[in-house]
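J.: Sequence:
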Amino acid sequence: MASILILGSFLAGSLLSILLPLGLLIALVIWQGRAIVRVPRDPASGAVHAAAATDLEGQPGAGEGAPQSPQA
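Using my numbering, the first residue of the sequence shown is number -17, and each one after it goes up by one.
Just so you know, these hints were derived from the structure itself, not from any lab.
For clarity, every value in this text was computed on a predicted model and none was experimentally measured.
Some clues are possibly wrong.
[As the list claims (entries may be wrong)] Restraint ranges, calculated between C-beta atoms of paired labels, are given here: (1) Ile(-12) to Ile18: 40 to 48 Å; (2) Gly15 to Ser(-9): 31 to 39 Å; (3) Ile12 to Phe(-8): 26 to 34 Å; (4) Pro22 to Leu1: 35 to 43 Å; (5) Pro22 to Leu(-11): 49 to 57 Å; (6) Phe(-8) to Asp24: 48 to 56 Å; (7) Arg20 to Leu(-11): 45 to 53 Å; (8) Arg23 to Ser(-4): 40 to 48 Å; (9) Asp24 to Gly(-10): 54 to 62 Å; (10) Leu2 to Arg23: 33 to 41 Å; (11) Asp24 to Ser(-4): 47 to 55 Å; (12) Leu(-2) to Arg20: 30 to 38 Å; (13) Asp24 to Ser(-9): 50 to 58 Å.
Positions of the beta carbon are idealized from the N, C-alpha and C atoms, including for glycine.
Full structure from sequences and hints, please.
T.: Given below as structure tokens:
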């Protein structure tokens, strides 16, 4: 009877040692596939909400030296 318990433990351990890495591999492949699908083909079309560098930093040359008069 004791040999059945030992064999059962060995079988459970061997199944876990093969199924856990395979499950992790499958999960990573699915995650990577979904991440690739989310990336837009044209980077410009995916960044319509992004601000330009001048919008974030203000006008080029702003804050350097004396204030300039507005040109009309």
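J.: Work down the list of hints and note, for each, if the structure agrees.
T.: Here is what the structure says about each hint:
Distance hint check for Ile(-12) and Ile18: the Cβ-Cβ separation is about 46 Å, which falls inside the suggested range of 40 to 48 Å. In this structure, Gly15 and Ser(-9) meet the distance hint of 31 to 39 Å, their C-beta atoms being roughly 36 Å apart. Taking the beta carbon of each, Ile12 and Phe(-8) are about 31 Å apart, inside 26 to 34 Å as hinted. The given range of 35 to 43 Å is respected by Pro22 and Leu1, whose C-beta atoms sit roughly 36 Å from each other.
The supplied range of 49 to 57 Å is met by Pro22 and Leu(-11), whose beta-carbon atoms lie about 54 Å from each other. For the pair Phe(-8) and Asp24, the beta carbons lie near 55 Å from each other, so the given range of 48 to 56 Å is met. Here the CB-CB span from Arg20 to Leu(-11) is close to 47 Å, well matched to the stated 45 to 53 Å. Between Arg23 and Ser(-4) the CB atoms are about 45 Å apart, so this pair conforms to the stated range of 40 to 48 Å.
Checked against the hint of 54 to 62 Å, the pair Asp24 and Gly(-10) passes, with Cβ atoms roughly 57 Å apart. At roughly 36 Å, the beta carbons of Leu2 and Arg23 sit within the given window of 33 to 41 Å. Between Asp24 and Ser(-4) the Cβ separation comes to about 49 Å, which falls inside the hinted range of 47 to 55 Å. For Leu(-2) and Arg20, the Cβ-Cβ distance of about 33 Å falls inside the hinted range of 30 to 38 Å, so the restraint holds.
At about 56 Å, the CB distance of Asp24 to Ser(-9) agrees with the hint of 50 to 58 Å.
In summary, this structure violates none of the numbered hints.
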